[in-house]
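Student: Place chains B and C on chain A using the hints.
Chains as they are written, first to last, in this note's numbering: chain A, 49 to 394; chain B, 49 to 394; chain C, 49 to 394.
The set of hints was computed from the structure by calculation and includes no laboratory data. Wrong hints could be hidden among the right ones.
Identical copies look the same in the list; a pair holds intra-copy or inter-copy alike.
Stated by the list, open to error - Calculated cross-link-like contacts (lysine-lysine; reagent style DSSO-like; alpha-carbon spacing at most 30 Å):
| hint | residue 1 | residue 2 |
| --- | --- | --- |
| 1 | Lys111 | Lys246 |
| 2 | Lys131 | Lys96 |
| 3 | Lys96 | Lys373 |
| 4 | Lys330 | Lys96 |
| 5 | Lys111 | Lys205 |
| 6 | Lys110 | Lys246 |
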Amino acid sequence: MKISIKDIAGLIDGEIQGDPLKNICGAAPFENAKTDEITFAGNAGFLKKIDQTLAGAVIVPKKFQASGKELILVDNPNVAFTKVLALFYPPSNPGYFTEKNKGISPDARIGGNLECGLDTLIGPFAVMGKNVTLGDRVILHPGVVIGDDVTIGDDVKIYPNVTIYDSCRIGSRIIIHAGSVIGSDGFGFAPDGTRYHKITHTGIVRIEDDVEIGAGNTIDRGTFGETIIKQGVKTDNLVHIAHNVIIGENSVIVAQVGISGSTTIGKNAILAGQAGLAGHLKIGNNVTIGPQSGIAKSVLDGSIVSGSIGMPHSLWLRVQNILPKLPELKKKLMEIEKRLKKIEKN
Amino acid sequence: MKISIKDIAGLIDGEIQGDPLKNICGAAPFENAKTDEITFAGNAGFLKKIDQTLAGAVIVPKKFQASGKELILVDNPNVAFTKVLALFYPPSNPGYFTEKNKGISPDARIGGNLECGLDTLIGPFAVMGKNVTLGDRVILHPGVVIGDDVTIGDDVKIYPNVTIYDSCRIGSRIIIHAGSVIGSDGFGFAPDGTRYHKITHTGIVRIEDDVEIGAGNTIDRGTFGETIIKQGVKTDNLVHIAHNVIIGENSVIVAQVGISGSTTIGKNAILAGQAGLAGHLKIGNNVTIGPQSGIAKSVLDGSIVSGSIGMPHSLWLRVQNILPKLPELKKKLMEIEKRLKKIEKN
Amino acid sequence: MKISIKDIAGLIDGEIQGDPLKNICGAAPFENAKTDEITFAGNAGFLKKIDQTLAGAVIVPKKFQASGKELILVDNPNVAFTKVLALFYPPSNPGYFTEKNKGISPDARIGGNLECGLDTLIGPFAVMGKNVTLGDRVILHPGVVIGDDVTIGDDVKIYPNVTIYDSCRIGSRIIIHAGSVIGSDGFGFAPDGTRYHKITHTGIVRIEDDVEIGAGNTIDRGTFGETIIKQGVKTDNLVHIAHNVIIGENSVIVAQVGISGSTTIGKNAILAGQAGLAGHLKIGNNVTIGPQSGIAKSVLDGSIVSGSIGMPHSLWLRVQNILPKLPELKKKLMEIEKRLKKIEKN
Numbered sequence: 049m050k051i052s053i054k055d056i057a058g059l060i061d062g063e064i065q066g067d068p069l070k071n072i073c074g075a076a077p078f079e080n081a082k083t084d085e086i087t088f089a090g091n092a093g094f095l096k097k098i099d100q101t102l103a104g105a106v107i108v109p110k111k112f113q114a115s116g117k118e119l120i121l122v123d124n125p126n127v128a129f130t131k132v133l134a135l136f137y138p139p140s141n142p143g144y145f146t147e148k149n150k151g152i153s154p155d156a157r158i159g160g161n162l163e164c165g166l167d168t169l170i171g172p173f174a175v176m177g178k179n180v181t182l183g184d185r186v187i188l189h190p191g192v193v194i195g196d197d198v199t200i201g202d203d204v205k206i207y208p209n210v211t212i213y214d215s216c217r218i219g220s221r222i223i224i225h226a227g228s229v230i231g232s233d234g235f236g237f238a239p240d241g242t243r244y245h246k247i248t249h250t251g252i253v254r255i256e257d258d259v260e261i262g263a264g265n266t267i268d269r270g271t272f273g274e275t276i277i278k279q280g281v282k283t284d285n286l287v288h289i290a291h292n293v294i295i296g297e298n299s300v301i302v303a304q305v306g307i308s309g310s311t312t313i314g315k316n317a318i319l320a321g322q323a324g325l326a327g328h329l330k331i332g333n334n335v336t337i338g339p340q341s342g343i344a345k346s347v348l349d350g351s352i353v354s355g356s357i358g359m360p361h362s363l364w365l366r367v368q369n370i371l372p373k374l375p376e377l378k379k380k381l382m383e384i385e386k387r388l389k390k391i392e393k394n
Numbered sequence: 049m050k051i052s053i054k055d056i057a058g059l060i061d062g063e064i065q066g067d068p069l070k071n072i073c074g075a076a077p078f079e080n081a082k083t084d085e086i087t088f089a090g091n092a093g094f095l096k097k098i099d100q101t102l103a104g105a106v107i108v109p110k111k112f113q114a115s116g117k118e119l120i121l122v123d124n125p126n127v128a129f130t131k132v133l134a135l136f137y138p139p140s141n142p143g144y145f146t147e148k149n150k151g152i153s154p155d156a157r158i159g160g161n162l163e164c165g166l167d168t169l170i171g172p173f174a175v176m177g178k179n180v181t182l183g184d185r186v187i188l189h190p191g192v193v194i195g196d197d198v199t200i201g202d203d204v205k206i207y208p209n210v211t212i213y214d215s216c217r218i219g220s221r222i223i224i225h226a227g228s229v230i231g232s233d234g235f236g237f238a239p240d241g242t243r244y245h246k247i248t249h250t251g252i253v254r255i256e257d258d259v260e261i262g263a264g265n266t267i268d269r270g271t272f273g274e275t276i277i278k279q280g281v282k283t284d285n286l287v288h289i290a291h292n293v294i295i296g297e298n299s300v301i302v303a304q305v306g307i308s309g310s311t312t313i314g315k316n317a318i319l320a321g322q323a324g325l326a327g328h329l330k331i332g333n334n335v336t337i338g339p340q341s342g343i344a345k346s347v348l349d350g351s352i353v354s355g356s357i358g359m360p361h362s363l364w365l366r367v368q369n370i371l372p373k374l375p376e377l378k379k380k381l382m383e384i385e386k387r388l389k390k391i392e393k394n
Numbered sequence: 049m050k051i052s053i054k055d056i057a058g059l060i061d062g063e064i065q066g067d068p069l070k071n072i073c074g075a076a077p078f079e080n081a082k083t084d085e086i087t088f089a090g091n092a093g094f095l096k097k098i099d100q101t102l103a104g105a106v107i108v109p110k111k112f113q114a115s116g117k118e119l120i121l122v123d124n125p126n127v128a129f130t131k132v133l134a135l136f137y138p139p140s141n142p143g144y145f146t147e148k149n150k151g152i153s154p155d156a157r158i159g160g161n162l163e164c165g166l167d168t169l170i171g172p173f174a175v176m177g178k179n180v181t182l183g184d185r186v187i188l189h190p191g192v193v194i195g196d197d198v199t200i201g202d203d204v205k206i207y208p209n210v211t212i213y214d215s216c217r218i219g220s221r222i223i224i225h226a227g228s229v230i231g232s233d234g235f236g237f238a239p240d241g242t243r244y245h246k247i248t249h250t251g252i253v254r255i256e257d258d259v260e261i262g263a264g265n266t267i268d269r270g271t272f273g274e275t276i277i278k279q280g281v282k283t284d285n286l287v288h289i290a291h292n293v294i295i296g297e298n299s300v301i302v303a304q305v306g307i308s309g310s311t312t313i314g315k316n317a318i319l320a321g322q323a324g325l326a327g328h329l330k331i332g333n334n335v336t337i338g339p340q341s342g343i344a345k346s347v348l349d350g351s352i353v354s355g356s357i358g359m360p361h362s363l364w365l366r367v368q369n370i371l372p373k374l375p376e377l378k379k380k381l382m383e384i385e386k387r388l389k390k391i392e393k394n
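This is chain A alone, in the form it adopts within the complex (with noise of 0.2 Å):
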């Protein structure tokens, strides 16, 4: 594939510096970029040594210059980056959606009064429940099970393995990846003293538009209700979300974060890896919750919060540096309170 410095600038809405006539051929990091790839330089690092890379052109910010380099300059080098991949590396779909199954697969098994889009695509052996409805351009690759009632927008992709339950609501422009499982039962039981009887969940999933489900998520229909991922949030590997959890919008969990029933969390949120949060929580707007942090309290709007306890990010950092300091510390305690034992006998 050939493109234009000149039709890549239109796609990014970028000025050019240097040859708009020059041809590219595809799109790859700094260091590793050919004279016939673009690259991009996102920040003063990379600027600083834009000689150093054999890309045949490079992204840069608004109001940088330098000679001897095609540029493009453009409001954001990242964003702009992401577009130009996907222009040189668009998906494709792999050969089990053969010509043959273009549509639906002979070999996928539906349970009838199937609503379904213009240009979708069913691989082998995925199933689906009835009274299922899809939009337009759905891809179901193989062994996708979804249940009765579910409905799917537009631009979805599924990918192998994926189960979603009955009655769920998938939102458009949303992937996701293998083996995740969307609606299963919350962890309710109610216990008599002696044994857990189950509580029967009515709720669903709800997944709104522009939303990542990373693979291997366990995401629980509400008990009552909905547990809602709203629109943009991603999801990144193993992630667990209970019941009647909401997560607002733009939010992003990094892997294996659990998040226990019924807590709320604000937009913008980043909930690091393994960090695990107790039921019934209120996280506000734009917070940041570090790595492996366990929070127990609600947290406000703006928030960084760390560690086993949930301190502020700042504190927990001073924590952090004195805890291996604990035994010196402990012993330096012992020494003053000798050193203060022979004052007081004096």
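Tutor: Showing chains B and C alone in chain A's frame:
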């Protein structure tokens, strides 16, 4: 569905206050119940504001009194409500178990010599090895794969894309949620100083009656002998249970807990989310282990342990309180030392 | 199966003490072995009580002496025993690979242009994209889904419901347990201040020879380039390995470990359960990382690190000892301060 208060009271062995012939059409939480729905008030908080629910009937503890509401008085309102929920919202099977497919789907594959009970439902693309035994009313969803010589009891529901390795024993009244893996090899290798040699795992997993396994669990088979999940155990999502672990009756394992090889857990234990247990431990009966705890020593009956070294819970709470004050503490110590030196000089 | 001690000794390169013609029918642990079974005594503890095993033969270290038992003396009894186990309990394939289905099941689906070695076994409902290459004696269980352009070497066993995304490279003598996902997109997004833009992941996952991947793992493809699992690595269950991670030869990753993007781990590392590693770190060779550790800095060759800030293990052990004494420590400090004030007043 309309059911009279009298019929509901009969199901949950309750006393009626009010009109026994009033019809109820559903069940809902205290805050959301409509005038034709039933709810429950399980504790003093809800009982105090019983006038605020719109519910057409309320399940309350025995001896509770209120006027102007239809009440059903029972020993344990929470447990009673689970029965009412199951009454109004009985489990239904997705439409991929079509009439046509009732019994064993023509798209299921069976290795031979299947022994199969009554009213069994096997979905499309479920696969079984040879010499599998299924009890009555077993439901295998699509994508379930079961190895040779597996036995499964009565009233077992296995959700999509679950894998059960050969020779495992699954009891009766069991639910296994989507994507879980039962009977994979334990993590056992013999090092020779250069590389690791795989230890053949000849054991199995035995799951006793009334167990519910969450989504995305991994339960390894015994190296020799058995990994045992005893009667009434409930596991949440993404739980890891290693080879030869034994989990005692009615214990509860919350999401993302990991239990290392050969550890034994007693009855009625509660392991909170993301806790990790070392191998070869003995955890007693009625033990509670706090969230994210790292347990490296055995724990006596009835203990509540928390924190990354497994100290008693009450001590751990105090430590957690002091941890954020450590920097202040250290500063104070330095100050004291200075003042002390001053005195000592005089 | 009956095998003479002589034949067993030949397999494990051992010296016989006792009757070489005695027949052995199985292998079992020291405590459970019956009189016609073989066991091993790998350390002083077992050797001391060698009279207590009923085993018909015992594998012991060279130079060990005992009478009244058939012994096989070898360099490494643990490793020798793994070979004996494999001899008596050779892997057998489930009956869903029926005679009829030998080779490629008629219920498998292949996208085209499959290059396939000898004695390959592909189960029902396994699916492959186009241009897939399989070596000799590859076994794909039911529900395995493989994307385009994937290559797999010889003697590879992939358990049910595993997903391998396109273009990944799987070496020889590899086992991948059920439900694992290889090659999902890395967790990479470019923020524009309002929302996140997906970064197309053009890289792959490369798994070298002699690797075993546990159940429920998620291993992301490189953003560019490769995520590499080097020769002899073993991962336990529910392990998360992010984009562009490199794990060195013969390293061992215990259950529920999470490794963030672009981190490199050396040879012979041991990462204990639930440890979490930040991104872009360099972990040296022969490093041991304790359970639940949170590693935020690079680690030098040969280090043993533990705890949530990754301090040296010996220091961490001391800190762990002091942590529960913190309340007492704080009390003492307050007391000292009081006494000091008293002196200073005088």
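Student: The structure should be examined with respect to each hint, and the outcome stated for every one.
Tutor: Hint by hint, here is what the structure shows:
1. Lys111 with Lys246: between (63 Å within a copy, 26 Å between copies)
2. Lys131 with Lys96: Answer is within: at 24 Å inside a copy they meet the 30 Å cutoff, but 58 Å across does not.
3. Lys96 with Lys373: So lysine 96 and lysine 373 fail the 30 Å test inside a copy (40 Å) and across (43 Å) alike.
4. Lys330 with Lys96: Classified as between; 25 Å across copies, 44 Å inside a copy.
5. Lys111 with Lys205: neither (39 Å within a copy, 55 Å between copies)
6. Lys110 with Lys246: between (59 Å within a copy, 22 Å between copies)
This entry does not satisfy hints 3 and 5, going by the numbered hints stated previously.
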